[in-house]
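Asks: Build out the structure end to end from the sequences listed, making use of the hints.
For the sequence shown, the residue numbers in this note's numbering are 983 to 1260.
None of these hints come from the bench; they were simulated from the model. Be aware that a few hints might be false.
[To be verified] Below, in silico cross-link-like pairs of lysine-lysine (DSSO-like), each with a Cα-Cα straight-line distance of 30 Å or less:
(1) LYS1136 - LYS1096
(2) LYS1133 - LYS1189
(3) LYS1044 - LYS1092
(4) LYS1112 - LYS1095
(5) LYS1044 - LYS1112
(6) LYS1189 - LYS1112
(7) LYS1092 - LYS1133
(8) LYS994 - LYS1189
(9) LYS1044 - LYS1024
(10) LYS1095 - LYS1133
[As the list claims (entries may be wrong)] If you anchor each label on the Cβ, the simulated ranges turn out as follows:
(11) GLN1126 - LYS1189: 14 to 22 Å
(12) SER1125 - ASN1007: 30 to 38 Å
(13) ALA1197 - LYS1136: 39 to 47 Å
(14) GLN1148 - ALA1111: 40 to 48 Å
These numbers come from a predicted model, not from an experiment. Positions of the beta carbon are idealized from the N, C-alpha and C atoms, including for glycine.
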Amino acid sequence: MANNANPQDVGKLANTVYGQGFVTNVDELKRANNAIIAVGQKSSFEYKNQVMHMPSQLPYAKTAGMSGLAAVRDVAVLNGTSSLVMGTPDEAAVATHNYLMKMSSQDTAKDFKKYNRRDLHEALMDARAKGISALEFWQQLISQEMAEDPKLNKYKAKLDKAKNPQEAKAILADIEMIAKGSTISRYFQEMRGQTGALGYQNAPYRKILEDTANAAIRGEFTPNESNFAYISQTSPYKISAAGQTVDAAEKHILDDVTPYLSKAADAARQESSSPQKR
983 MANNANPQDV
993 GKLANTVYGQ
1003 GFVTNVDELK
1013 RANNAIIAVG
1023 QKSSFEYKNQ
1033 VMHMPSQLPY
1043 AKTAGMSGLA
1053 AVRDVAVLNG
1063 TSSLVMGTPD
1073 EAAVATHNYL
1083 MKMSSQDTAK
1093 DFKKYNRRDL
1103 HEALMDARAK
1113 GISALEFWQQ
1123 LISQEMAEDP
1133 KLNKYKAKLD
1143 KAKNPQEAKA
1153 ILADIEMIAK
1163 GSTISRYFQE
1173 MRGQTGALGY
1183 QNAPYRKILE
1193 DTANAAIRGE
1203 FTPNESNFAY
1213 ISQTSPYKIS
1223 AAGQTVDAAE
1233 KHILDDVTPY
1243 LSKAADAARQ
1253 ESSSPQKR
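Replies: Structure, rendered in structure tokens:
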């Protein structure tokens, strides 16, 4: 559930999302926030964790060419997939942070050129021109190279002839995981970054989180209007308590959100005071 979020963290995230241009108006800010809450409710990386860590993660996503509501969604989803392969939310946040940081770094570019004989930044720009984000670019590249791994295909052929299909399936899953790790380590030398990339390769789980976030962005899921625990702790997006100084534009958009959150809080309080159905 999206509870126990620190109001200062919520305000800081709102400033980052708006101030760095991921959203341009109040409606987009609301939808971005709803998407983050939705992913937090669907994964073990809760909303309180998202608002704590995303302000330091999003700038690296922007450096890699990610933008708009889609970037906010993708970073929230990446935190969710990272939490599958890491022990704690803090460790998952570091995995996400390091993966985003390394996606377009100079050392990654050197390894990319070594294996692909092409300039990484040119490849990322070409992909972006086709509507493919840096996260999608790396996910597709890793999947493709793993699928073409001759060693993996050799084991697949052997296991296809195994007498125990269930055991063969389990062994193949382990071998595929090793192959993924081997492919990822070609480009990402840092262990936490590798883990972030590995978690994002979990396509079924990633799709669940993406679909959930997309529904929230479309307005089909409005957690702000039903989650009293969240509203009571984060309304009204005050950032003064955090001791931050913001320019007039950032202050204005946060003030505009206040009536929205206050109205939602009143509705949630009224709902919570009604007799509960058994």
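Asks: Hints first: check each against the structure and report whether it holds.
Replies: Against the structure, the hints come out as follows:
1. With a C-alpha separation of about 25 Å, the suggested pairing of LYS1136 with LYS1096 holds against the 30 Å cut-off.
2. Our distance criterion of 30 Å between C-alpha atoms is met by LYS1133 and LYS1189, whose separation comes to about 28 Å.
3. In summary, the hint linking LYS1044 to LYS1092 is supported, as the alpha carbons are separated by about 21 Å, within the 30 Å threshold.
4. The suggested pairing of LYS1112 with LYS1095 holds, with an alpha-carbon distance near 21 Å, which does not exceed 30 Å.
5. Taking the CA atoms of LYS1044 and LYS1112, the gap is about 17 Å. The hint holds against a cut of 30 Å.
6. Between LYS1189 and LYS1112, the direct Cα distance comes to roughly 21 Å. Compliance with the 30 Å bound is thereby established for this hinted pair.
7. The hinted pair formed by LYS1092 and LYS1133 meets the criterion: a straight-line CA distance of about 25 Å does not exceed 30 Å.
8. The straight-line distance between the Cα atoms of LYS994 and LYS1189 is roughly 28 Å, inside the 30 Å bound, and the hint therefore holds.
9. Note on LYS1044 and LYS1024: the hinted pairing holds, with a Cα-Cα distance of about 25 Å set against a maximum of 30 Å.
10. At roughly 23 Å between alpha-carbon atoms, LYS1095 and LYS1133 fall within 30 Å of each other, so this suggested pair holds.
11. Our hint of 14 to 22 Å for GLN1126 and LYS1189 holds, since their Cβ atoms are close to 18 Å apart.
12. The beta-carbon spacing between SER1125 and ASN1007, approximately 36 Å, falls within the hinted interval of 30 to 38 Å.
13. At roughly 42 Å, the beta-carbon separation of ALA1197 and LYS1136 lies within the given 39 to 47 Å, and the hint holds.
14. For GLN1148 and ALA1111, the hinted distance range of 40 to 48 Å is satisfied, since their beta carbons lie about 45 Å from each other.
Violation of the numbered hints given earlier is absent; every hint is satisfied by the structure.
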